[in-house]
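Listed below, chain by chain, are the residues.
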Amino acid sequence: MTQTVQPAAKAAPASQKTMTLAAALTDAMDLALARDPNVILYGEDVGVMGGVFRITTGLQAKYGKERVFDSPLTESGIVGSAVGMAALGFRPVVELQFGGFLYPGFDQMASHVSRYRYRSRGRWSTPLVIRFPYGGGVNLLEQHHDSPEAYLAHTPGIKVVIPSSPKDAKGLLLASIEDPDPVVFFENIKLYRSVKEEVPQGYYTVPLGQGRRVHEGKDVTVIAWGAMVQTCLQAAVAAEEAGIGVDLIDPRTLVPLDLELILESVAKTGRVVIVHEAVRTAGFGAEISALIAEHAIYHLEAPVLRVTHPDTMHSPFNAINHYSRPEPAYVADAIRQVLEA
Amino acid sequence: MTQTVQPAAKAAPASQKTMTLAAALTDAMDLALARDPNVILYGEDVGVMGGVFRITTGLQAKYGKERVFDSPLTESGIVGSAVGMAALGFRPVVELQFGGFLYPGFDQMASHVSRYRYRSRGRWSTPLVIRFPYGGGVNLLEQHHDSPEAYLAHTPGIKVVIPSSPKDAKGLLLASIEDPDPVVFFENIKLYRSVKEEVPQGYYTVPLGQGRRVHEGKDVTVIAWGAMVQTCLQAAVAAEEAGIGVDLIDPRTLVPLDLELILESVAKTGRVVIVHEAVRTAGFGAEISALIAEHAIYHLEAPVLRVTHPDTMHSPFNAINHYSRPEPAYVADAIRQVLEA
Amino acid sequence: MLTPFQILAADGSVTQPDLLPPLDQVESIYRKMVRLRHFDDRLMVLYKQSKMGTYPQFGGQEASQLGATLALSQGDYLAPMYRNTGAALAFGWSPKQAILYWRGHPAGWKIPDELNMLPIIIDIASQFPHAAGAATALKLRGLPQVVLSFIGEGGTSQGDFHVGVNWASAMRAPAVFVIENNGYAISVPRALQSGADYLFKRAEGYGIPGHLVDGNDVFAVHHIAKEAVERARRGEGPSLIEHLTYRLRPHTTGDDPKAYRSDAETQEWAEHRDPLLRVRLLLTAQGHWDDQHEAELRKEAEEEFNAALAEADATPAPDPHALLEYAMASPTPALRAQGKILEQRIRLLEAQA
Amino acid sequence: MLTPFQILAADGSVTQPDLLPPLDQVESIYRKMVRLRHFDDRLMVLYKQSKMGTYPQFGGQEASQLGATLALSQGDYLAPMYRNTGAALAFGWSPKQAILYWRGHPAGWKIPDELNMLPIIIDIASQFPHAAGAATALKLRGLPQVVLSFIGEGGTSQGDFHVGVNWASAMRAPAVFVIENNGYAISVPRALQSGADYLFKRAEGYGIPGHLVDGNDVFAVHHIAKEAVERARRGEGPSLIEHLTYRLRPHTTGDDPKAYRSDAETQEWAEHRDPLLRVRLLLTAQGHWDDQHEAELRKEAEEEFNAALAEADATPAPDPHALLEYAMASPTPALRAQGKILEQRIRLLEAQA
Ligand SMILES: Cc1ncc(C[n+]2csc(CCOP(=O)(O)OP(=O)(O)O)c2C)c(N)n1
Ligand SMILES: Cc1ncc(C[n+]2csc(CCOP(=O)(O)OP(=O)(O)O)c2C)c(N)n1
Ligand SMILES: [Mg+2]
Ligand SMILES: [Mg+2]
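Chains as they are written, first to last, in the working numbering: chain E, 11 to 351; chain F, 11 to 351; chain L, 2 to 354; chain Z, 2 to 354.
Warning: the hint list may mix true and false statements.
[Said to hold, decoys possible] Coverage of chain E stretches by chain L, computed from C-beta distances (three or more under 8 Å per stretch; other residues unrestricted):
(1) 25–37
(2) 118–127
(3) 165–175
(4) 253–267
[Claimed, not checked] In silico DSS-like links for lysine-lysine, alpha-carbon gap of 27 Å or less:
(5) L:Lys259 / F:Lys72
(6) L:Lys259 / F:Lys75
(7) E:Lys72 / Z:Lys259
Quick caveat, the hints were computed from the structure, so don't treat them as lab data. Keep in mind it's a predicted model, so treat the numbers as computed, not measured. Note that CB positions come from ideal geometry on N, CA and C, so glycine has one too.
This is chain E alone, in the form it adopts within the complex (with noise of 0.2 Å):
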C-alpha cells in the first residue's frame, strides 16, 4: 500500500503554484468549506483575525460568521462542542491554538471524539478534524511547544497526521477533512513559512497511512516526521556527501502508520534512528521501534537509536533549546553511532 509519488503529482506542472506550509493549508480549508457544506471552522481567534498564525485568513470572510468563527476560549468546550456539532452532521475542523493547550481539552479527545462511535454503536460519529501548531524552534512563549503526538497516537479511536511538507500538507487535510474518523491535525510552526514547494491547485487528498520516501540510501534508515524530517534531511545530505545512503523516511501519519514502508527500508539497511522532538520516554519513536522489534528483528544490525528531546518540559530557555530539540548534528552522530555498531 505505500505509494511514493502522490495522485495530484500526476496532475500537470502548470496547476502548480509554489506555496508555503501555511499558504497550502489555507488553501485546502478554501476548497473544503467550497466543497461541503458541512464543513465549518471555529475555534480561539480563527475569525476576524484569521487564527495567531493566520492559517484561516479570509476564510470568514469569504464563508462567513456562520461557517467560519470565533468560539470561547475554552479547549474543553472547542474539541467538546465538535462531538456534538458531528452528531448533527457537520464536519468541524477546528483549531487549537497550540499544542501545548490541548491538555484543557484532552478528556474530550480521549473519553469522547475518540470513543463517541463506539459507545453509540455506529448511531453517532465523530468525523471532525482537530488542527493545532505544535514544535518547538520559534522562540514563543511556554507551552508553545509541546509535541504531544504519543498521547494521540496512545488514544484508539483517533488518527494522527503531522505533515513535512506544503504539498503533503495540503492533501492530508483534505484528505483528514474527507476521513470518516476524527483527525488530529499537527502543524509545525517552524515549517508554515520556512518550506515552499510546488503544490497542485484544486483539491488532492493525500491517502492517510502511506508514508514517504524522502531521501532513498542503503545504509541506514532514519524515520522523522514533521520539522524533523528537514533536520534529518540535512544530515542525510551530508551522510550522502561521506558516502553514506541514509534512507529517510517520514510516515506522514503516525495512525494509521505506514509500517510496510519501514519494514522494508529495515530489510534493506538493517540501521534504524527514529528521530522525534516530543519527549523521549514513551514517545512514538518507542512504538516504531517496538513495532521494527516485532517485525524485523532478523535484519537488525545494530541497536535501535532515539534522537529525542529529552524527559523534560520543552524548556521557555530558547536561547540553549537547540540542545533540547534533535539538530542535523545529533541526527549525524547517531547515524554514525549504528553504522559503527
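Once you have looked at the hints, place chains F, L and Z with the ligands on chain E.
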C-alpha cells in the same frame, strides 16, 4: 541497583500480618498520616465513606476532617489544588475515583504538577501523590477500567508506580509519599482484594526504581505490571510444568524504570514478551521494547512480542472483555511464539 | 431559603390550580411514573440475582426526569448521563434496550437510528459541551429542535459544567440544562460542592434564565422545562434549571447509603416526599383513583417489564467480535492486525474450554 | 449598564472624595504607575531591537494590577498569569528578573525565595485551581495570609476558572479572584465569550461577593481589593472582582491589533481613559504636580530601568545544563542518561563551531 529482597523482608516474621492489597494501602496511609503532619488526604468520597473502594476507611475518623476530607467533584480541582497545597508545604495524597477520570485533570497533571518545580527553578515543588484505582476484569461501568500509565510515563517530571502485591503496595506508597517528586500511584482494582500476603507491620519503604523478579527462569523474559503480574505468573507456572523457564519481571515503577534488571534478564533469555492491559499502540510496552532494542539488541534471539489490550476503548461489554484483556492463555501463546521463533 | 416552583405539594394539595393539567393527563403521567419506578426497582432485584451489571438507580427522581423529558417534542435531542435511565425511557428508549445496556450488552449500546439520544455519559459533566455543540449545530442549521441535558449537583463542580452552559449562552444555542440536585454526589453532601446556596443562581452569570423547581413535583418540573424548551425553540437561548430532589435508592446497585446518610432522612423523603405519592394522593382525592386501579397498573407495569426482560434474556450472548466493531469507521492496519489477534484469542479460549 | 465602582473619574474628578487617599499616597501610587508603564514600553522597544522575547504587554492595565496587588501584605501570595508582569513588579519582583524572565533566561525563571509568588502561568485559567489550593492550605494551617490571582475575561470561559473559584468558595478559602476584563482575548471581543452582561455576576452562583470596578481607577481597584483581602483574612472566604479595563498595547509584542479593533477605539481609551492620566490630572488639579515633576519622574524611571537592564545584560548567557536542572528533585536513571546525551550534544555543537 536491583534488589529482589525488600528491606522490610528482614523484619521478624512476628511483625507480619496477612493483608489484602487494599488493607496494605490503608495501613500505609495511616502510617503516613501519623508520621508526617504535612500529609493530607482528599478527593471524592474519601472522607465519610472512605472512598468507593474503602481504601481510606477510618482515616477521617482517626485524623479529623482537616487532614482527610471530601472535595468538590472535580479532577482538575483535585489535581490543581494539590499543586497549591504543596506550595504551602503540604504533602497531599489525593485520590481520583478511577484512572479513567484522570483526563479532566490531565491539564493540571501534564502542565503543572509535572512542571511547577522546573518552571519556578526549585522555588516551588510538588511532592504529592495522586492515587487511583485502574484496570479491568471487575465488571464496572465504562471508563472505570482505563489503564492510562503510558500517558503519565510520557509526561516528564512525574513518577509512575504500579504495585502488584500487598507488600509492594504498602512500601511503594510510603516511598511515594516520601518522594520529593510528584508520583502517580496506580492501584489495580482487581488486585485490591484478590491477593493476600504477609505484609510487614510498621513503617517501611520499597524504593522507587527497583524491579522485582517474580518468577525465575532462563528461557523467556516476561515483563508485566499491576494485575498482569498475576496473569503472567499463572502462565509462568504452567510453562514451568512444561519445562519452560519464565523469568517474570515486575518493574513495579515505570518511572523510574529498573532497566538494569530487565537487561540482565534479557541477556540471559534472549526472548521477551511484554504484557499490559493498556491499549497497544504507544503503550508503555513500546518503551520497554525500544529500550531493549537500544541496549540489548545483540542478545535478542526472537521478535519482542507484546500482549496487550487492542486499540479500542476498554469496552463496557464485560462478558467478553477477557478477549481484550490479556489472559494467561494469550501470554502462554506468546511465550510459545518467541520460543519457536 | 427560597421556595422552589411548585404546582402540586408533597401532600397532594395543589398550590397552583390553574397550572395543573386535566385529570386524564395527570393519570397518564402517573402511569408513566409507576412504570419507571417498577423498571428501576426490578433492575435492582436483577442485580441481586446477578442478572444485571452495576446500575445507577434513579428511583425518587422520576418526576425530575420524566417531567423534563416530556417537555421535548419529536426530533428533539436528549444528552443523558448515567442517572438518566428514567429520562431515556421517557424519551422512547425501550426497556429491553435499557436492560441490555446495563447488562453491558453491545445490542443495548446501539442507539436506535430513530432516537435522537446522544450516548449516556459516565464521565461526569462532559455531556454538557456535547449538548452545547449539538445545540449550536441546530442553531447554525436553522432547525427548530432543542437539546435537553441533565447533570447531578455534584457534577456542577466540574469544569465542563461551566464550559457547556457558558458555550451555549455565548452562542444563544437552544439547550436546556437541568441540574438534578438529589442532595448527594455518592456520599458527598451538596454543601461540600460549593459555597452557593442554590446552584440555579449560576444562570445569571451566564446571562440566561435560572429556575428553582420542586424536582419531586412532576407538574412543576414539566411546566418550567416546557417554558425553557419553548424559549430555546424561539431562538432565545439556553436555560439552567435546578430540580430539588432526592435519590431514594443507593448511588448504584453496589452502594450502601447507610455509610453516609441517615435512615431517618431517607425515610422522610420516601414516606412524605415521594414524587409518585403526591400524584396518587391527588388522583385519589379527586375520586379518580383507588387501590384497584393501582393494583391493575402495577400488574401492567410488571407484565410489560417481564416481556421486555424475556426479550432481553432471549438476546444471544455478546459476540467477541463486537469488541473491535465500531472502533474506527475506516480501521487502521494495526486495528486489522488486532482483529487477527482477536480471532486467535477466540481459538485459544475455545481450545481451553 | 451597571455603573462600576469608582473613586476617581476618567477626567480626574473625584466621585467619592471620602474614599480618596491622602495626596502623598496618591503621588506615591502615581510614581509606581509611571514606572510600570515605562517598564512595559521599554520591553516593547527591546523586542523591536531583538533584545527581548515575545512579551505580553500590560500597558493600560497598570491601575488594575497595581491597585489590587498593593492590597496585599507581606507574606501574602500572588498567583499571576502572563499578563501580570505589572502585578508581579508591584509585588516585589525585580525589574532585572522580569527582563530575564521574558528573555527566557533561567535566572529570570528562578522565583526568589523571599517572594511568595507562584509561577507565571501561560496555560489560561489553570492558575485558579493553584490559587484555590494554596488558599485552602492557608486556611488548613490557620495562617493569616491570602492569595490573589488574576485572569483575563477570555479566561473566564475555561473550565478551570470555574473549578478554581468554586473550590475556594466550597472551602471558604482566603482567595481573591480578579477578572481583568480588557475587552479582548487576543482578537475575540468580550461579547463572544459569554451571554452574561457582566462576569462579576458569576459570584452569586458561588455564594461569594462580586464586585464591578472601574479597572482604570487605581483607587477604586485598591479599595475593593482591600475589602476582599480583608474579608478573606477574616476567614470569610473568597471574592470575585471584575475590573473593566483596556489593553492599550498589542496582545503581545508579536501582535498587530489593527486586525481586530479600531484605532478610534484604542485612541479613545488612550486619550481619555488612560489609568495614569486621571491620577496626573488629579495631582495637577490639586497643585501637587507639574510638568517638571513629571519630567523628573520619567527620568527616574528611565534610569532605574536602565540600571536593571544593564544588570540583566551583564548576566552570563544561559548554560545548557539549565535544561535538565530542576526537572526532577531525584532524577531517574533515564534522566541521568539524558544528561550524558546533553554533554555529548554540547561537545558536538562545540566541534561544529
Ligand atoms: C469525571 C468523573 N469523576 C468521577 C466519577 C465517579 N462518580 C460517579 S457518580 C459520582 C457522584 C456524582 O454525583 P452527582 O453529580 O450529584 O450525580 P448523582 O449521582 O447524584 O446523580 C462520582 C464522583 C465520574 N463518573 N466521572
Ligand atoms: C489554555 C490556553 N489556551 C489558549 C491560549 C492562547 N492564548 C494566549 S492569550 C489568549 C487570549 C487570552 O485572553 P484573556 O483571557 O482575555 O486575557 P488577556 O490576554 O486579554 O489579558 C489566548 C487564547 C493559552 N495561553 N492557554
Ligand atoms: Mg447528586
Ligand atoms: Mg482580555
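Right, here's what the structure says about each hint:
1. 25–37: Since three or more residues must qualify, the claim that chain L covers the segment 25–37 of chain E is violated, with 0 doing so at under 8 Å.
2. 118–127: holds (count 5)
3. 165–175: Check passed, 3 qualifying residues.
4. 253–267: Answer holds; 3 residues pass the 8 Å Cβ test.
5. L:Lys259 / F:Lys72: holds, 20 Å
6. L:Lys259 / F:Lys75: holds, 19 Å
7. E:Lys72 / Z:Lys259: holds, 20 Å
In summary, the structure is inconsistent with hint 1 from the numbered list given earlier, while agreeing with all the others.
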